[in-house]
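Trainee: Here is what each chain is made of, one letter per residue.
Protein chains: 2
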Amino acid sequence: MADTIVVPEAPVADADAGRALREVGRSMPRLESTAKVDGSVEYIHNLRLPGMLYGRIHRSSIAHGRIVRIDASAALACDGVHAVITADDVATIVPNPYYGPAFHDQPILALGKVRHVGEPVAVVLATDPHVAEEAADLVSVEYEPFDAVFDEVAAAAPGAPIIHDELKPAGMFTDLEHVAGRRGTNVALDARLRTGDIEKGFAQADQVFEHTFRTGKVIHATFEPMVSVAEPAGPGGLTIHTASQSPSFVRSEIARLLGWPENRVRVRTAFLGGGFGAKLYIKLEAMAAVCALLVRKPVRIALTMDEQFYTITKHGATVLIRTGVTNDGRITARQVETYWNGGAYADIGPRVTQKSGFTAAGPYDIEHVALDNYAVYTNDPPAGALRGFGISQLVWAYERQADIIARALGIDPLEFRRRNALRNGRKHATGTVVYGMEVEAVLDRLAEKMEWHRPFDRGSGTIRRGRGIAIGVKACVSPTTSTAAVHVYGDGSCAVHTSTVDMGQASDTTLAQIAAEVLGLPTPDVRIVHPDTDVTPYDMATLGSRSTFHMGNAVRRAAEDVRAQLLRIAAGALGVDMGDLECRDGAVLSRAGAKLTFREVMLARFAMQAGTIVGVGSYTPSYTKPDPRTGYSPNITPFWMLGGAGAEVEVDCETGRVTVTKLVNVADVGRAINPASVERQLCPACSICRAS
Amino acid sequence: MADTIVVPEAPVADADAGRALREVGRSMPRLESTAKVDGSVEYIHNLRLPGMLYGRIHRSSIAHGRIVRIDASAALACDGVHAVITADDVATIVPNPYYGPAFHDQPILALGKVRHVGEPVAVVLATDPHVAEEAADLVSVEYEPFDAVFDEVAAAAPGAPIIHDELKPAGMFTDLEHVAGRRGTNVALDARLRTGDIEKGFAQADQVFEHTFRTGKVIHATFEPMVSVAEPAGPGGLTIHTASQSPSFVRSEIARLLGWPENRVRVRTAFLGGGFGAKLYIKLEAMAAVCALLVRKPVRIALTMDEQFYTITKHGATVLIRTGVTNDGRITARQVETYWNGGAYADIGPRVTQKSGFTAAGPYDIEHVALDNYAVYTNDPPAGALRGFGISQLVWAYERQADIIARALGIDPLEFRRRNALRNGRKHATGTVVYGMEVEAVLDRLAEKMEWHRPFDRGSGTIRRGRGIAIGVKACVSPTTSTAAVHVYGDGSCAVHTSTVDMGQASDTTLAQIAAEVLGLPTPDVRIVHPDTDVTPYDMATLGSRSTFHMGNAVRRAAEDVRAQLLRIAAGALGVDMGDLECRDGAVLSRAGAKLTFREVMLARFAMQAGTIVGVGSYTPSYTKPDPRTGYSPNITPFWMLGGAGAEVEVDCETGRVTVTKLVNVADVGRAINPASVERQLCPACSICRAS
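Residue numbers (our numbering), protein chains in the order written: chain L, 2 to 693; chain C, 2 to 693.
Simulated from the structure, these hints should not be mistaken for lab results. Be a bit skeptical, because a hint or two may be false.
No copy labels: a pair is met if it fits in one copy or bridges any two.
Calculated lysine-lysine pairs in the DSSO-like style (CA-CA distance at most 27 Å, straight line) [claimed, not checked]:
{"hint": "1", "residue 1": "Lys201", "residue 2": "Lys114"}
{"hint": "2", "residue 1": "Lys428", "residue 2": "Lys626"}
{"hint": "3", "residue 1": "Lys298", "residue 2": "Lys37"}
{"hint": "4", "residue 1": "Lys114", "residue 2": "Lys626"}
{"hint": "5", "residue 1": "Lys663", "residue 2": "Lys298"}
{"hint": "6", "residue 1": "Lys626", "residue 2": "Lys596"}
{"hint": "7", "residue 1": "Lys37", "residue 2": "Lys428"}
{"hint": "8", "residue 1": "Lys596", "residue 2": "Lys298"}
{"hint": "9", "residue 1": "Lys201", "residue 2": "Lys428"}
{"hint": "10", "residue 1": "Lys114", "residue 2": "Lys218"}
Keep in mind that this is a model prediction, so the values were computed, not measured.
Bound-form chain L, shown alone (with noise of 0.2 Å):
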């Protein structure tokens, strides 16, 4: 497989082979595993502070229409409730209160009219949860209702209702002129891909095979819910304690909404109770803030499961495929619009258009392509990078088509992809050429593990089988950066200050085992310090599978600072060359022989008092903007995903019950730093089969 994570730069083979230590590519049980058993783990579901008021939401109840008037009266008049806050509170503090990591068209509360069902019009503070929720209910508002939209294709057709006045493209997309102040639209984005002559390429086709697909929205409820408790600190002070996998990102939002610098405003997290993309960019954050603001009190807000269905899901889309192949099974060309359903408020989803949109012409290696995207707004609730970042909507809509064009060719579906496969050395349709995705290997592994060349029994009677396999290409979110810092201190123990959020995915103990590994510690001794912005250096977020690869290095070249001075001042105590010093077993060793412990080490730089050392490492890949009328990079993602999967599934003719009874996953992930951690994360709930 390829070697997609390089750490540490040493390759497995090295002269170290002999070395009993190993902590990179060794399988280990997490960290904090006894701590989540005896639940003793922190998360900020769990966080009461003195004085903290808790926040209820009312939501919209209607689609789409203007707000003619709150009444809030029933709702204060409760024992328990200390106020209920509404847009015109929030204008107080926060005079522009649009917010989003792509666009900023989301308000903390909704100003003037509401854009989807469940959008949250005000919030009640009572001291008990179970008054705030009752006064919830209590808060009466009157609307002038709007036609609605529901269907990304109809909102994105003229004549539709319009659900936002203009557009206010952000961050990243500030300086796509062509989208910045457009009127009468609901396209948020259109993101296009041109390589090759497509219509010459239609025309060098034997057949063309055209189909639309849907998907419909879904959202991954995490077992904590979305959480923020935020505090006042000091009158020119606020810290947030959040579920976010985006500490990073809640801060400088956060700054700009209040016009504060960042050094005013305080991110934490603790462990997540899963994430799955629904806990990125700003959720709760800003609300909680300007509430705790406003009445100078700490106020948590949470949420229950159902109101998370109103938050954040994944993206639904519509996926027009048009796909044209030799009889021989050579895909000459194809075609793609598809339109993502983005909800009332942009979040991520212009990107998620954007950067599955790229790919999909899947893991092939077409001449001729032409990808359309379209990120629609509609009065659904708003869409984001949930699980994939819309790889899966794509994945299932070409791969579905394949096994159609291959059973309309008579060609054996995974020859038909293996004749298609994008191999290494290959130009990507983005002009990105490809590397270190083994498309072949993963195809041939599948084979495999399926039996798929073995005669497949299909059944008789009222029972009847099938089986399918499917292959998807996904890149990293790019150009990103991490950067992470690692301590040592007076007695030779060390701890690493990283913002990458453990949510389930075991990064605290992939993090420490890069550390150890370059220090030569065991795992276990290396501390995570968790994200605090007060604290841990900048992250771009936990999210798109790029914590390993980013953070990793970050990490590496954090503990690679550190150890060089660790063994500057063992050169300097030993009297040796620096070259002749290496770390293991928690010291520095010499090749003739000398030892020092880190804590001999740190005594010898600091005399008989203790100290810290600190080294810092960064990481950002280099990245190379699209064109935005070709979508031509040539460095568009620092490494791809390539991943597969099979199945055998039984149907019951008569009642129509299917039992999946095979399920196999073939990731190319390449070096895994914890094996077993990967395997967990590929088959979380899966018993018939192990990740290759």
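Given chain L, put chain C in place with the hints provided.
Mentor: The following block gives chain C in isolation, referenced to the frame of chain L:
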């Protein structure tokens, strides 16, 4: 005045003299003034954690004796009492429960015997602080009393009751072979200094004066009494929130007691409501930590005002001082024998004994000196480094004698001091050459402020007046280390990570000024991140007037490190030499007039992404350990501190009423970072004069 504090490197009158912004040397209000007035600053005293128990200490009613039996049944029967912790419980998790910065002699709770009235014997933990208080009174302890000794001279004499079976030096005293394991003595340490030939010196004298001075114990009860809150953090971790001047020491000592690596113990502080040396090293932290680990809940232990008198005091001392002088007022020899009443536990007393002890000859140039300092255990509460690290006891003695001698010789007291003053370039009795200590200038200023040479009205009838002056010298605690980090965030705002504790001395503002000066920012734009051993790098402690010098230099270096990184990025972005760039007004400016704000510099480094740049700085002055036989060291302190005071006093001889009619403070402070803050420190409650 002398330039003992050199921050930044360039002198004031340099090429930048015309520059508008100049943060160092400018008087400014404290950064936290508003927050202190509106009550929003954090004090550990105000911290309440969910599920927290309140600990109340049951204290010994006798000064010395064996504990025969502890009966906690009545306390345990109280409603709301969760547990009563004694030394037996402590032993289950800390087999060797003795702690201390100088000697490991103080048990977490009295073990087998008690050594002073008020010694903690048991801790009652209850859900309510009043229940805890009542129940603590109900703990019943049976003692077998021993003879006690309270006088430091008597305690040092043969035959005195012995307070500790065996001496257990630690830390910097570990290698004192003549101390470790010594039995049958209350003298924890004898620190001596010999220079010249004391007998020869007395032989050269026309007269020899011999006096004994005694000072009582003193406690500076702070507005915020001592408080520590400990909470378990996962199965193998512990967090301590504590009103401490030395978070780094608390961490290493708690880790040592528990047998844990330091990276599993987190210690954080907030603003202190006064420190004055009372909140140094460990006070309540070990007790709170052990209680929290035993019951697996957060535990808060806070003292009442009177309980602080049992916890730490400033040493009482007996000073025998013998001075030989010629008839024209030259001191030829000085012999000082000081008995320091260290109380029942060493705390930092042996270091006070040693470190202030070597200055017992005063700021005078004396050829023949013999100083003997005895750190003596008694059955008083422990004594530590309060208010001047032992200096004021000695100053009172040698300056009182100076007046007596001057009067006997018929020499003006100011003139007597001038004739013997230790001048720059001369060797102090330790062997360290004196620099940056302008004794002459201090005397001149004292004379001027006191109008010393004008006729002084001594009063008549029942109202009589007197006046006097005194000068004193102090060395800095050495060798010690401070480390700081400066973070610059994506929007160009920044924060200083420092473990210096702001306890009212305005260190936050001072350190922010230093960082602001280096980075060309207004001081209020710099955010100070408060001590937290998970966050802020090591600092020895906030004590002994060391912070501005040590941490100031560490912050300067960290800011210079970050500035160099900013300039390097800007040089690349602008295509100019780093040498052509400077930081000013929150931006990088080139000689040619180009300008990049810090935000733009960060964008140049991290593309469209935010990021963090981290600078690190550490400072440890050089030091030569004194010869234990002679006290000789060519390098005993990184700088000398010199101060003087003058007072005019009126006495009503009928009523005995004393009125201070004038008080003058003169200190050689070097270059003041924040002159207004220095003035407030020197004359906190006095508007009679202005410090110079």
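Trainee: Which constraints among the numbered hints does this structure fail? Numbers only, ascending.
Mentor: Hints 1, 4, 5, 7 and 8 are the ones this structure does not satisfy, whereas the remaining hints hold.
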